[in-house]
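Asks: Using the hints provided, position chains E and U relative to the given structure of chain G.
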Amino acid sequence: MTILDESRLFPSDPDTRSVAKRLYSGVRDLPIISPHGHADPRWFAEDKPFSDPASLFVVPDHYICRMLYSQGVPLEQLGIGSTSLEDPRRVWRIFAKHYYLFRGTPTRLWLDFAFQELFGLDARLTPENADGYYDAIMDKLKTPAFRPRALFERFRIEVLATTDSPLDSLSHHKAIRASGFKGRIIPTFRPDPVVDPDFPNFVENLACLGQMTHADTAGWQGYLSALRQRRLEFKALGCTATDHGHPTAATADLKPDSAARLYQKIASGTGDPDERELFRAQMLTEMAAMSLDDGLVMQIHPGSFRNHNTRLFQRFGRDAGADIPMPTNYVHALRPLLNRFGNESGFTLIVFTLDESTYSRELAPLAGHYPCLRLGPAWWFHDSPEGLMRFREYTTETAGFYNTVGFNDDTRAFLSIPARHDVARRVDCSFLARLVTEHRIDENEAREVASDLAYGLARKAYRL
Amino acid sequence: MTILDESRLFPSDPDTRSVAKRLYSGVRDLPIISPHGHADPRWFAEDKPFSDPASLFVVPDHYICRMLYSQGVPLEQLGIGSTSLEDPRRVWRIFAKHYYLFRGTPTRLWLDFAFQELFGLDARLTPENADGYYDAIMDKLKTPAFRPRALFERFRIEVLATTDSPLDSLSHHKAIRASGFKGRIIPTFRPDPVVDPDFPNFVENLACLGQMTHADTAGWQGYLSALRQRRLEFKALGCTATDHGHPTAATADLKPDSAARLYQKIASGTGDPDERELFRAQMLTEMAAMSLDDGLVMQIHPGSFRNHNTRLFQRFGRDAGADIPMPTNYVHALRPLLNRFGNESGFTLIVFTLDESTYSRELAPLAGHYPCLRLGPAWWFHDSPEGLMRFREYTTETAGFYNTVGFNDDTRAFLSIPARHDVARRVDCSFLARLVTEHRIDENEAREVASDLAYGLARKAYRL
Amino acid sequence: MTILDESRLFPSDPDTRSVAKRLYSGVRDLPIISPHGHADPRWFAEDKPFSDPASLFVVPDHYICRMLYSQGVPLEQLGIGSTSLEDPRRVWRIFAKHYYLFRGTPTRLWLDFAFQELFGLDARLTPENADGYYDAIMDKLKTPAFRPRALFERFRIEVLATTDSPLDSLSHHKAIRASGFKGRIIPTFRPDPVVDPDFPNFVENLACLGQMTHADTAGWQGYLSALRQRRLEFKALGCTATDHGHPTAATADLKPDSAARLYQKIASGTGDPDERELFRAQMLTEMAAMSLDDGLVMQIHPGSFRNHNTRLFQRFGRDAGADIPMPTNYVHALRPLLNRFGNESGFTLIVFTLDESTYSRELAPLAGHYPCLRLGPAWWFHDSPEGLMRFREYTTETAGFYNTVGFNDDTRAFLSIPARHDVARRVDCSFLARLVTEHRIDENEAREVASDLAYGLARKAYRL
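Residue numbers (the working numbering), protein chains in the order written: chain G, 1 to 464; chain E, 1001 to 1464; chain U, 2001 to 2464.
Looking at chain G on its own, in the form it has when it is part of the complex (with noise of 0.2 Å):
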């Protein structure tokens, strides 16, 4: 007996399914490039063994917590705001006993992965097996297998990409490489706390940059020249990317000295909110000029208002499941980038979105024109299922297959790596399945492009 089902995700008309299996069976076992995510670089450093099932699964995983807690399940009793967890097996019974609210949702489709493929449990989640759940998972983590090393290996994973903050010392990225470890794991840079003056103590943070870098970041040229060092810092540590989650696409291109005035009234914490969005505007147009010159490639992650529930914010700091996203405009906002880097085809821009009206109407023929821009993957809300096929329905035609970049995983939850590939990995085959049923590509072409999407275009864009 499964959980799974071995053709889950493919279309339930034969003829198309049988194209979709024909074409999964082809990337099913390419390795995972996860070339944008949340990964802690200490677990790889440490290699310790995780703690239990609840610390695990539970308590990190935004999408578990939100959905429990919209249902009127206080984040207390799953251990939120509390630096370890007295009682993780009565965290698990309510998160068994709430599962079924998970229907629908990939949350369910990722955990079903990892309880049966990496765990081998075969029935469903219930209220009544929780304790067996728990007990099996937790005799599993306690073996070598399942230490962070171990599974790193055993996911196939090819490169993992961190995100990381330019205020950090990147000790656990050297001691991976210094433990002799094989597998890639790589720094991202994400410069947001230096860069964007509503980040939690901006000033002290450039305080901060200034000491870790020998610069002036006093001064506009100083704060510049911290950041290329940092960026070249985390270039040699492997770094191939920075990313910015900036709440809108805003950029702009003011003079030198405009610039320069700007950053005195932002530096000095004095800026208004408009400057304050100038400021982070003018900074992707710095950070792509940086791009230019060491190669980094840059990411764009727009439109989340961040910490939408003031109250669950004051109680539990960022990042509690409470982050919704906005209309975005790409057009308008994108344009002063575009006119200054736009026709560099050395450089190269990944686009996000939470909005999906954007993707035929903005995205796709933004990235179907300049040269320097890419469409990042289905994102965030919309990694899932109806989310990702939606995203090659509006973008394809458009801006084809070669000007998207594959998928990022872009999680903070290890375990549910593979099975996230693997849901993009079969949807893209399910997409290209009807494509070639109803004639519109060849299967060997469909072949091609699946073997693009799951693993080719992810290292060709971010230069892997």
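Hint data in this document are derived by calculation from the structure and do not stem from the laboratory. Here a beta-carbon is modelled for each residue, glycine too, at the ideal position from N, C-alpha and C. Be a bit skeptical, because a hint or two may be false.
Derived EDC-like pairs (lysine to aspartate or glutamate); straight-line CA-CA distance at most 16 Å [as the list claims (entries may be wrong)]:
1. E/Lys1140 x E/Glu1117
2. G/Lys97 x E/Glu1445
3. U/Lys2097 x G/Glu445
4. E/Lys1097 x U/Glu2445
5. U/Lys2021 x G/Glu438
6. E/Lys1021 x U/Glu2438
7. G/Lys21 x E/Glu1438
8. G/Lys460 x G/Glu158
If you anchor each label on the Cβ, the simulated ranges turn out as follows [said to hold, decoys possible]:
9. U/Gly2120 x G/Ser451: 27 to 37 Å
10. E/Asp1015 x U/Arg2028: 29 to 39 Å
11. E/Pro1074 x U/Ala2260: 31 to 41 Å
12. E/Asp1015 x G/Arg177: 47 to 57 Å
13. G/Glu158 x U/Arg2156: 48 to 58 Å
14. E/Ala1207 x G/Val203: 53 to 63 Å
15. E/Glu1086 x U/Ala2260: 39 to 49 Å
Replies: Relative to the frame of chain G, chains E and U by itself:
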């Protein structure tokens, strides 16, 4: 011979269709919960026969009139604007002549259902059989089995909520109760006439509210207490919910002093458009506060540009089929209310939209987080096979099934109620059937969900 | 062997495919009505052979050039910006080398159709067969059967409307008429050069309009009468429609005095951006008023950010493939015009969009109400299998089929016209086939609708 096939609306793929049929067989005969609609309580209070086919089907149905008008039929020819139909058979013939216009629309499905299931007709309406149709329907309408109360029972309606003005004496509801009729017909508190400063006769309405409640609606406190009192009077007649049809979803959370000052301006009819909008916004939050006290479920139906066609409005008044959806923002708009009451699990706020781009971008993420929030079903123009299916496809992966509230028929066309619920049940079963054949949920889970979507969730969300 | 399968674009479900094939067999050979496009009337006036495959297929096709450019091919290498191709075979080879980029795009479908159906080629274009392709096409182009007029007849085009400047002498159209060629080729009045103050050389264009019409375009009345006169001259050559390509759908209804004053400012080149936008808006309403007089059908094509890429615009001018869609509002924008003329059933206004989120939210509700309003087909980036299907899925339930106007190929790629109509017919038949197998319409109804969508509605809406 039949007009409608028993397999209608199920996907044509044989496996998926089989699953859909099995799921549907489990929900087809469940009682109807109609927690939001516009049936006229007078029908059930008086229990008079309906007069004729045209007055029953054509004149009051905006979907029909707007389509005919869009193709050049003057509304006068349909008897719109007259107090009674001079020649209902002539209206019926015009309708029959244009019935082909409804191909591919839900109106056709609803009407064909009523023609076949209620009136036993077995051929599609055409100009040729228009008179035969008219006579057959007319004959039935004269029989006791076609009186409103008899139909109510035949339709197996467990609860029917009407929509009522706060200035309504609720005499029909009282008469229904007094009559001994066992059907559960309850009012819904829709305070727009005294809450929306742009409502016709707003200032007079405030005075009227004061008279009804013996409260001093010239002042803020008196106004609020009048509203509280009317809510309780509605509740005493079985009401479990309020409804708010504002142009936008804007909410506000003013300090009491500011709110009181704003009310003075608004109550004197001197507010400017921004102040009127702010007042509506504040009143949603006030209504939420009252819901916390009296337990009424709150519904927000925003996003319609009312009476878009000025000439028609001048000639025929409100509700002439010229209301047009607008882009609607929820993320910023709902925040003041949510920041005050969003974490209260004793409070239920059901939000609807006419802007489908918000399903996956805003509404599912919000409802998948806030304990108070639930998603209303596909509404108005989107209460249709494609619209209902998109609702599930765009919301389920982020909000799940259990942050939705089942189906609302939202109609003033009493005879379409069974047809509308039947369409919704068939579409939900079709969606679930696809999840089953794609191995995303098990069929026994789907059976449970189908029943919840058809019956259980509405009962629970509306506290029925 | 063939490149294209005869069942292409039909759903793979066997029952649905069978219905789709039957429906398609009834419309496949209907004549082509092409009421909106960009074919060059000179081709038919001169009837010269097309010069070579690259000049015919690659250089003038923005879909091709933008995709190649997005993947790093410099436009210069494609001969863009040159007056003639130095080495067309070289361009063709570059194109063949990158042909894989078009997988999953409509461009591939259109080209493969032309290669197979017109040129008898039977293997997909590859870098290897590029020279063979070139020679085969070149050989055919030299034959009389491949002259423009012969192709026009072979394509069974019943009417072909071109798009023409109000400053065009229409000499080619006159030459076609004078030549005795029986093909019905008619102009369309596209007054943007003298109506949009942001059009290049706008002020000079006004003077030129005055010269052509002997009207005093220095004043508002003279300007309007010059436009009226040109419309009649177009009409005398068979024109039945106007077209308006404004950045937004804004309309205005100024009092005559205000309009005249605004014109003075605009005509002197001194209006600010708001005034220029207001002038465009007012001119749409003026054009509608003229349509009521002369019976020309009015088309609005809004929502494109023209020449988004400044560097490319400076180097290559307009229409270099860098036009990007923007969010577009219709509900408020069209209201001034609709409030004046929306209820006139003798007036036809066809509205297009590049913002698919407006299909179900704004356009279908508007077109399902206003007697004058019709929905133009899926346009530009959305004229594709997925895009055409979404158009039906999102508009039919509210606007029905009969508030739409059939298909527009909207192309300057003459050889793609049969392919584009074939794709649209296949997609519409597939949509209808699904409605049939889901028992939402009967097959005999679907047959009638299919014919209307392929032929009848365009003829009627454009008064052909």
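Asks: Each hint should be assessed against the structure and marked as holding or not.
Replies: So, going through the hints one by one against the coordinates:
1. E/Lys1140 x E/Glu1117: holds, 12 Å
2. G/Lys97 x E/Glu1445: holds, 15 Å
3. U/Lys2097 x G/Glu445: holds, 15 Å
4. E/Lys1097 x U/Glu2445: holds, 15 Å
5. U/Lys2021 x G/Glu438: Given that 16 Å is the threshold and the Cα spacing comes to 13 Å, the pair holds.
6. E/Lys1021 x U/Glu2438: holds, 13 Å
7. G/Lys21 x E/Glu1438: Holds, at roughly 13 Å.
8. G/Lys460 x G/Glu158: Answer holds: G/Lys460 to G/Glu158 is near 13 Å, not above 16 Å.
9. U/Gly2120 x G/Ser451: 27 to 37 Å: Taking Cβ atoms as reference, U/Gly2120 and G/Ser451 lie about 33 Å apart, which means the hint holds.
10. E/Asp1015 x U/Arg2028: 29 to 39 Å: holds, 31 Å
11. E/Pro1074 x U/Ala2260: 31 to 41 Å: holds, 35 Å
12. E/Asp1015 x G/Arg177: 47 to 57 Å: Holds, at about 52 Å.
13. G/Glu158 x U/Arg2156: 48 to 58 Å: holds, 55 Å
14. E/Ala1207 x G/Val203: 53 to 63 Å: Distance hint for E/Ala1207, G/Val203 holds at roughly 56 Å.
15. E/Glu1086 x U/Ala2260: 39 to 49 Å: This hint holds: roughly 48 Å between Cβ atoms.
Of the numbered hints stated above, none is contradicted by the structure.
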